[in-house]
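**Q** Chain residues, written in single-letter form:
There are 2 protein chains.
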Amino acid sequence: MTPIAQNKQENPALHFPALQPPRRYLFGPGPSMVHPRVYEALAKPIVGHLDPYFIQVMGDVQQLLKPAFGTSDGVTLVVSGTGSAGMEAAVANFVEPGTKLAVFANGYFSDRLTEMARRHGANVVRLEKLWGETYTEDEAREFIGREKPKVVAYVHAETSTGALQSGQAICAAAHDAGALVIADCVTSLGGVPVQFDQTGIDVSYSCTQKGLSCPPGLSPMAMSPRALDWLRARTSPVRSWYFDLKLIHDYAAVSHRYHHTAPISMFYALREALLVIAEEGIEKRWERHRHCHKLFVQGIEAMGLRMHVPEEHRIATLNTVCVPEGVDEAKVRKRLLDEPGIEIAGGFGPLAGKVFRIGVMGPLATEDNVQFFLKEFKKMLS
Amino acid sequence: MTPIAQNKQENPALHFPALQPPRRYLFGPGPSMVHPRVYEALAKPIVGHLDPYFIQVMGDVQQLLKPAFGTSDGVTLVVSGTGSAGMEAAVANFVEPGTKLAVFANGYFSDRLTEMARRHGANVVRLEKLWGETYTEDEAREFIGREKPKVVAYVHAETSTGALQSGQAICAAAHDAGALVIADCVTSLGGVPVQFDQTGIDVSYSCTQKGLSCPPGLSPMAMSPRALDWLRARTSPVRSWYFDLKLIHDYAAVSHRYHHTAPISMFYALREALLVIAEEGIEKRWERHRHCHKLFVQGIEAMGLRMHVPEEHRIATLNTVCVPEGVDEAKVRKRLLDEPGIEIAGGFGPLAGKVFRIGVMGPLATEDNVQFFLKEFKKMLS
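Here the protein sequences come in this chain order: A and B. Per the numbering used here, the first sequence starts with residue 1, numbered consecutively. Per the numbering used here, the second sequence starts with residue 1, numbered consecutively.
Same shape as in the complex, but just chain A:
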């Protein structure tokens, strides 16, 4: 369409090679593999952000998110940023300067939550455990009963450790104390049950690039009726305008009045990813992930390797495998990437050099793909 300059000296654009991403098998903690239909949706022609068609797309996404979160009473919406944007939206809207926030700390993302909450003026109190451990019902009750916070936060599926934290006792104790509960479901949504209503979560945020098998760029959220009331009753301005959930909710679901220009193509992609999930059936999808997780762990243990997290607290979609004595984990990861093109992640913080983080999600959660991965992984370890 446009004339191309003939001479590289004259036109620096010609120094850039055409976009040709290498083929990767995304077995890391996310981004995960994307369904071909989702790529097709990304490439559909955009309409305006106030176009009746786009308003419909946003509405469809909100509806399709409900079974994934496991909510019928809750409100679902999407923040125009990545999972961390959803975390900041949750913190910014439900914390006011001086609000006492109780955090169940046991990994990197509870630390990030803490950091964000402090920046938004919260008085953060933390219960501390080692990375990979989880909290019992008694510990949850005791901590909340003692601290009497206004807001409680925990990470449902902790990407940095591979541990799944049940929210049942946390939510019950928090509600007894009159507190709201924020649950980080970045790694669980779409891959393992979130059970928003049944658990009693008030505010949850996630991402698109893990359990939903969609590229990164949006953060789906859910809010309970109690959270919505809290938001409406809030009188101090939220410190962030971009993440002001009252304004976003109004644009997305009520008046459709302009707030920001939503990332149209990403919404197309998310709608398609959610349709692919709905066609499979969310419960069948969870079961498929559980099944592949079991196969994966069997294979890992058959190699003589150990899992970092006790069996009953593992995330079905994200496995932390202990690095065996004498193995240079960075070298293993580099060879996996360079040779078969497999991406996995290492540990960081206290788990740096100690674990591999291996995701088995979405299109990769099949028996064949698990066997393919185990075979390649075994080669690199020997």
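Since the hints were made in silico from the structure, they are not lab data. Possibly wrong hints are sitting among the right ones.
As the list makes no split between identical chains, a pair holds if one copy fits it or if it spans any two.
[Claimed, not checked] Subject to a maximum C-alpha distance of 30 Å in a straight line, what follows is the list of computed DSS-like cross-link-like pairs (lysine-lysine): (1) LYS148 to LYS294; (2) LYS334 to LYS100; (3) LYS284 to LYS44; (4) LYS334 to LYS148; (5) LYS129 to LYS66; (6) LYS354 to LYS284; (7) LYS246 to LYS100; (8) LYS44 to LYS334.
Given chain A's structure and the hints, the job is docking chain B onto it.
**A** Frame of chain A, contents of chain B only:
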């Protein structure tokens, strides 16, 4: 790939029609039409956000942004949110609680800037003009000399009014007063010259869906060496973690240490959009927009209509046309959308019902497309 349930009662997914966006000619203020190559880039398979290939893509984008901003000394980077996210990043990082911020107010986006800055604790002082007016050199000097602010903000191309504000005198006066300058270039980048270095801008943010002809979802930014020093010297924490430019810059351009999971597909798209621009040549592109703008205005005036902004202060890519007496502008817009599928926008705030906002950008900035638009527009007015 996945079995589809046979019965609609059993499977709600089957109630959702396939994604089939209507064909639109995006003659609004943005999003604008997207080049087919950009859609192809969006659909390329993703890699991880720490993959060497993605780090290279981010680096290419940073380099390709420099001629569009008109900077050689400045640092360019991309915030993982829309244009308003870039605005919030600029405000959050360069305003501390109590910072005196001087705003040249003359439209909706200077009001949004004001609102954000107040939420981030700034002491905002404003010079006020009507929507569509601009500031003279004397007014700029007098205001800054009198107020002695620490930070100055103005909107280069005001989407709500169609007026272009020169930054030359504002930047000179601000630097004399030891202040930094934030320029909103959301509507100008890629379509009209920003001249970042030559104007003396310190911090600028934009979007992808206007002059860059890419879908919405990212906010390109530029910072002067002075702004970078200011950022490094800042001791109070930025109130937003997601928009903390020190952390984003470190991930994007220095250590490549994980900050957030960047929207990979959107970066692919932006890289391609910038390559398309570089192949045409940024100056030729500006000239093409100027040329089509002149044709557009000639056609509008030949219909007996008036432009809202005086000739010397118009944005070449976004036209505000006065609604003629007796015309129901909402009806005109609705018919344009429903019949030929043309999107344009109305005015809002003080300009509600008074102007049409018509963008002639990117692939639509050709003589044929201008004539096509004028013909359809004329039909709807008669």
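**Q** Under a CA distance limit of 30 Å, which applies to LYS44 and LYS334: within one copy, between copies, both, or neither?
**A** between (35 Å within a copy, 23 Å between copies)
**Q** Please work out whether the CA atoms of LYS334 and LYS100 approach to 30 Å or closer within one copy, between two copies, in both situations, or in neither?
**A** neither (43 Å within a copy, 49 Å between copies)
**Q** For the identical chains here, do LYS354 and LYS284 meet the 30 Å Cα criterion within one copy, between copies, both, or neither?
**A** neither (33 Å within a copy, 55 Å between copies)
**Q** At most 30 Å between CA atoms: does that hold for LYS148 and LYS294 within a copy, between copies, both, or neither?
**A** Result: close neither inside a copy nor across copies, 39 Å intra and 66 Å inter.
**Q** How do LYS284 and LYS44 come out at 30 Å by Cα distance, when the copy is not named: within, between, both, or neither?
**A** both (29 Å within a copy, 28 Å between copies)
**Q** Pop the pair LYS129 and LYS66 into one bin, within, between, both or neither, using alpha-carbon distances up to 30 Å.
**A** neither (32 Å within a copy, 46 Å between copies)
**Q** Can you give me the call for LYS334 and LYS148, within, between, both or neither, at a CA distance of at most 30 Å?
**A** neither (47 Å within a copy, 54 Å between copies)
**Q** Within, between, both or neither: how does the pair LYS246, LYS100 come out at a Cα-Cα threshold of 30 Å?
**A** Both, since 22 Å and 28 Å are each at most 30 Å.
Of the numbered hints given earlier, the model fails hints 1, 2, 4, 5, 6; all others are met.
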